[in-house]
Amino acid sequence: MFQDAAGTIPVASSGDPVRLLLDKSGNGNHVVAASDAARPVYNATGGRHWLEFDGVDDELSTATPLPFSAQIFNCTAFRSLSYNASYPKIVCNRGAAGGDSERHPQIFLRAPNPDTVSASCGSTVRLVSVGSTVTGLDIVVHVLASATESELNANGFLSDGGGVTLTDGSTNPFTISGPFNKANMRFYGTLHVNGTLSDAEILGIRTHFSAKSGGVA
Amino acid sequence: MTTFVYRIALIVPHAQRAAANRIALAMGWGAGCFSVPLARDSTGTATHWGLSAVTTQSFVDMLSSTQVGAEPEHLDPADVAAVMPVLLSAIGPAATPAGAQFDALAEGAGLVRIFPE
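Protein chains in written order, with our numbering: chain A, 6 to 222; chain B, 17 to 133.
No wet-lab data here; the hints were simulated from the structure.
Every value quoted in this text rests on a predicted model; they were computed, and no experiment measured them.
Worth double-checking, as some hints may not be accurate.
[Claimed, not checked] Examples of chain B residues toward chain A, derived with CB under 8 angstroms:
hint : residue
1    : Met17
2    : Trp45
3    : Ala47
4    : Gly48
5    : Cys49
6    : Ser68
7    : Ala69
8    : Ala114
9    : Gly115
10   : Phe118
11   : Val128
Glycine included, each C-beta is placed from N, C-alpha and C at the ideal position.
Put together the whole structure using the sequences plus the hints.
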C-alpha cells in the first residue's frame, strides 16, 4: 500500500491514506485512487487491518477493465459504517452502461432494506437478509455466476438459482466503493476470479476472509 | 504515527471548480479532486462541487493563512483569488465521520449531494 499513485511513499501507520493498493495475485490489477481526495484510510486494531472508505468520494479502481469472463467469482469482506447513499456499492465490476447482462458482479447495500446484502449478476439481482441491520456488522460475501448457476452468500445466508448469461461490452474498471453511491465502510479485502471454484475452494477463501474480518465463513 | 490528523470537507461553486481543481493539482493532490456534485435538491444539476479527505497540520495551516490573504508561492494567485472568497470548509479531527461533516457543511449552504444512480 502506498500513499501516492507512483508507489513511492509507503503506508506506514494507522491513519495514513492509501492512493495505491497492489494486487497480490500477480496479475497486475492494482487499484488506485483518482486523486488524494479519493484516498481511503488504512486502519489497524485488534489484529485486524482494513481500509476505511468515507462514503463521500473515496474510491479505488483498476486502471483498465478486468479481462472478461462469462464465469465469475468474487469474495469480499467488509463492514458497512453508515448509509451515505441509498444504494452504496461495495465492489463493482459492472458494465459501463449499467447493462443487466454485462460482466458483474456488483455487490451493494440497500438503505430501504437495511438488513440485506445484494448483488447484481447478469439479469438477476440476488438479495439476502443477514438477520439484522448490516451497519456495524462484519460480512463475508461471495458471488458466483456462470451459465449453469448463480449464488450470493453473505455470512452464510444464501440466495442461489439458475445460470446467467454475462456479456462483455464494458469499458469500466473494477471498482471498490463506486462508481457513484460510495460506501462508508471498512474494507478488509476482495478476491475476484474469472472462473468457477469448487465448494472446498470457496470455503477456504471464505474462511480466510472470515479470519481477516470477523465475518462468518 | 500518522501525520494525517484532520478530516476536511471543502465545497466550491461550479464556476470556481476548475480553479479549485488546479490549486489541488498544484499541491500534488492529483486531478479532479472536487468530484462530489451538489445542488439545491438531489435531482438537480450540480451548482457546487466538494471533496472530503484526511489531511495534515501543514495543509490546515496553509488553508488558514490563505484565507487571511497569504499567497502560497506554488499556487496561481489568480486561482487563489477566485476560490478563497467562496470556499466553504469544515475541519475536524481525523476520526470525524466524513459523511456527516460533509453533509453538514453542504446543508449550511442549502445544498445536498446528487446521486447519479
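A quick look at each hint next to the structure:
1. Met17: 6 angstroms, holds
2. Trp45: 4 angstroms, holds
3. Ala47: 6 angstroms, holds
4. Gly48: For B/Gly48, the interface hint holds, since the closest Cβ of chain A sits about 6 angstroms away, which is under 8 angstroms.
5. Cys49: 4 angstroms, holds
6. Ser68: Holds: closest Cβ of chain A sits about 4 angstroms from B/Ser68, inside 8 angstroms.
7. Ala69: At 4 angstroms from the nearest chain A Cβ, B/Ala69 passes the 8 angstroms test, so the hint holds.
8. Ala114: 3 angstroms, holds
9. Gly115: With a minimum Cβ separation of about 4 angstroms from chain A (threshold 8 angstroms), the hint on B/Gly115 holds.
10. Phe118: 5 angstroms, holds
11. Val128: With a minimum Cβ separation of about 12 angstroms from chain A (threshold 8 angstroms), the hint on B/Val128 is violated.
Going down the numbered hints, you'll see the structure goes against just number 11.
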